[in-house]
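Could you put together the complete structure from these sequences and hints?
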Amino acid sequence: MSGISRRRFLAASLAGCAATTLAAPKKALASGIFTGYPESMGVLVDLTRCIGCRSCEAACNAEQNLPDPLLPFDDKSVFDQTFHGGTQKRRTDENAYTVVNRYNPEGGEPVYVKKQCNHCAEPACLSSCFVNAYTKTPEGAVIFNKKVCVGCRTCMVACPFSIPAYSYSSAFDPLIKKCIFCHETRLKNGKPPACVDICPQEALTFGKRKDLLKIGNQRIQTHQGRYLDHIYGENELGGTSWMYLSPVPFEQVGFDPNPGNEPIISHVKDFLSTVPMVLAIWPALFVGFQLLAKKQAGHGDHDHDSEKQHDEEGAEQ
Amino acid sequence: MSSKRIFTIMILTMAIVGMGGFVTAADMPEQVSIDRLSDLFEGVEFDHAMHTELGEDCSVCHHHTTGTGTTDERCISCHADSKEVATVGCSDCHVAAPFSSEHINRKSLEIYQFHIDTPGLKGAYHWNCIGCHEKVDGPTECVDCHARTTKGDAFYHKNAIGSSGAGGE
Ligand code: SF4
Ligand code: SF4
Numbered sequence: 001m002s003g004i005s006r007r008r009f010l011a012a013s014l015a016g017c018a019a020t021t022l023a024a025p026k027k028a029l030a031s032g033i034f035t036g037y038p039e040s041m042g043v044l045v046d047l048t049r050c051i052g053c054r055s056c057e058a059a060c061n062a063e064q065n066l067p068d069p070l071l072p073f074d075d076k077s078v079f080d081q082t083f084h085g086g087t088q089k090r091r092t093d094e095n096a097y098t099v100v101n102r103y104n105p106e107g108g109e110p111v112y113v114k115k116q117c118n119h120c121a122e123p124a125c126l127s128s129c130f131v132n133a134y135t136k137t138p139e140g141a142v143i144f145n146k147k148v149c150v151g152c153r154t155c156m157v158a159c160p161f162s163i164p165a166y167s168y169s170s171a172f173d174p175l176i177k178k179c180i181f182c183h184e185t186r187l188k189n190g191k192p193p194a195c196v197d198i199c200p201q202e203a204l205t206f207g208k209r210k211d212l213l214k215i216g217n218q219r220i221q222t223h224q225g226r227y228l229d230h231i232y233g234e235n236e237l238g239g240t241s242w243m244y245l246s247p248v249p250f251e252q253v254g255f256d257p258n259p260g261n262e263p264i265i266s267h268v269k270d271f272l273s274t275v276p277m278v279l280a281i282w283p284a285l286f287v288g289f290q291l292l293a294k295k296q297a298g299h300g301d302h303d304h305d306s307e308k309q310h311d312e313e314g315a316e317q
Numbered sequence: 001m002s003s004k005r006i007f008t009i010m011i012l013t014m015a016i017v018g019m020g021g022f023v024t025a026a027d028m029p030e031q032v033s034i035d036r037l038s039d040l041f042e043g044v045e046f047d048h049a050m051h052t053e054l055g056e057d058c059s060v061c062h063h064h065t066t067g068t069g070t071t072d073e074r075c076i077s078c079h080a081d082s083k084e085v086a087t088v089g090c091s092d093c094h095v096a097a098p099f100s101s102e103h104i105n106r107k108s109l110e111i112y113q114f115h116i117d118t119p120g121l122k123g124a125y126h127w128n129c130i131g132c133h134e135k136v137d138g139p140t141e142c143v144d145c146h147a148r149t150t151k152g153d154a155f156y157h158k159n160a161i162g163s164s165g166a167g168g169e
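Heads up: the protein sequence lines correspond to chains V and R, in order. For the first sequence, position 287 (counting from the first letter as 1) is numbered 287 according to my numbering, and the numbering increases by one without interruption. For the second sequence, position 69 (counting from the first letter as 1) is numbered 69 according to my numbering, and the numbering increases by one without interruption.
Among the clues, some could well be false.
Here are the simulated lysine to aspartate or glutamate pairs, EDC-like style, with alpha carbons at most 20 angstroms apart [claimed, not checked]:
{"id": "1", "chain 1": "V", "residue 1": "Lys76", "chain 2": "R", "residue 2": "Asp153"}
{"id": "2", "chain 1": "V", "residue 1": "Lys76", "chain 2": "V", "residue 2": "Glu109"}
{"id": "3", "chain 1": "V", "residue 1": "Lys208", "chain 2": "R", "residue 2": "Asp117"}
{"id": "4", "chain 1": "V", "residue 1": "Lys191", "chain 2": "R", "residue 2": "Asp39"}
{"id": "5", "chain 1": "V", "residue 1": "Lys76", "chain 2": "R", "residue 2": "Asp144"}
Calculated directly from the structure, the hints in this document are not laboratory data. Values in this document were obtained by computation on a predicted structure and should not be read as measured data.
Okay, structure coming up:
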């Protein structure tokens, strides 16, 4: 489980022998993938159903009280926007926790892809966070505690889907900004997220993750030729709560086709271990961040609860 | 042909024609108001009569519920000669709140049965309409079928600063 591993990782690092012990937790992780809370919820995104109406973006904006958009939500010219010399489509940021992009796979109809946090079973953002700001709730959401976040942006680097963003409105009070599965206003009360509720095409199916896998497989079976025989997120990166069905190979619609089935934490540590500067100040960093976390959130007891990452108060976004 | 026989045929013909007329006039609505879910958009006054002329048979929209059988190969093994059911409105099978915890829990219990993926009412409407309209070049934009309400205009940020002034579609 991510929690145990992370703490083991912390403890090991604190012992001051960072370089030699970094390999140990990686091994522990690889041997047991956390398959998630059994009754946790998820969303199955069916790319064959999405018509690119962007209603889900509008619903998210309203639900999360995000700033007014530059263009109306029914403006389809956004699908032509590209960044970084045409290599990148729109991404989620501090003003938009979900975006829909249009892809034109070879010789086929356009495919619209809604993007948001995928709410990983073993979230890299959570595992990489020094101050334990993130929580994976039993309902399936990956949420965070803004009071604890110190704005180090490690989660931004760690996320394999480039999801967490920051609000830069105040240099001294940076805040993580990302989709929280409408946890506070809806999910924890048994309600679907706002985007799912609004979608005219039922392109987003909300349900228990284990049921969504059955539903997804049934769709693939009963509509021969309509789908690629693959549910993206079933195993990718240790599994995600949001999963995708596609009519075309996933790399044609902006997905990394082979992210591996291991949670990303292993890679994060590899990445971090190549930064000697960080390694040198490792123990000091951890002590500092942990003290900070305890002080700011009163997390003293929480740390011993190794079975659950759930934190009732950890959800303000 | 005896006059008695002609008389019988006449009666039978009248009965059949009459019955046909009866089904069309009384059972099949000319117009259907689709407005149960209206909020950001107004309801749709659906021209049922016009669409029945376009559709090959009722099962195109009503699946196996109107007594005309079905040609969909995914349904045919069980529903080849399913009888007409008492009510054939969309909302008789497609629930308005498919993602309520109540419905999800029920689905969870029935997950090993076949119909585990029946769309909700909103999904059912839109697939049926847009799915067909795409094939026959019918209207597919939101406001082609239902006008947006004032609440809807605000929701979609019609007057966003970068808007063309036309206010969306
Ligand atoms: S998608 Fe990124 S931000 Fe969301 S849970 Fe996974 S690692 Fe965290
Ligand atoms: S609301 Fe549904 S159909 Fe519209 S863009 Fe979002 S996912 Fe696609």
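| query | Failing hints, ascending? | reply | none
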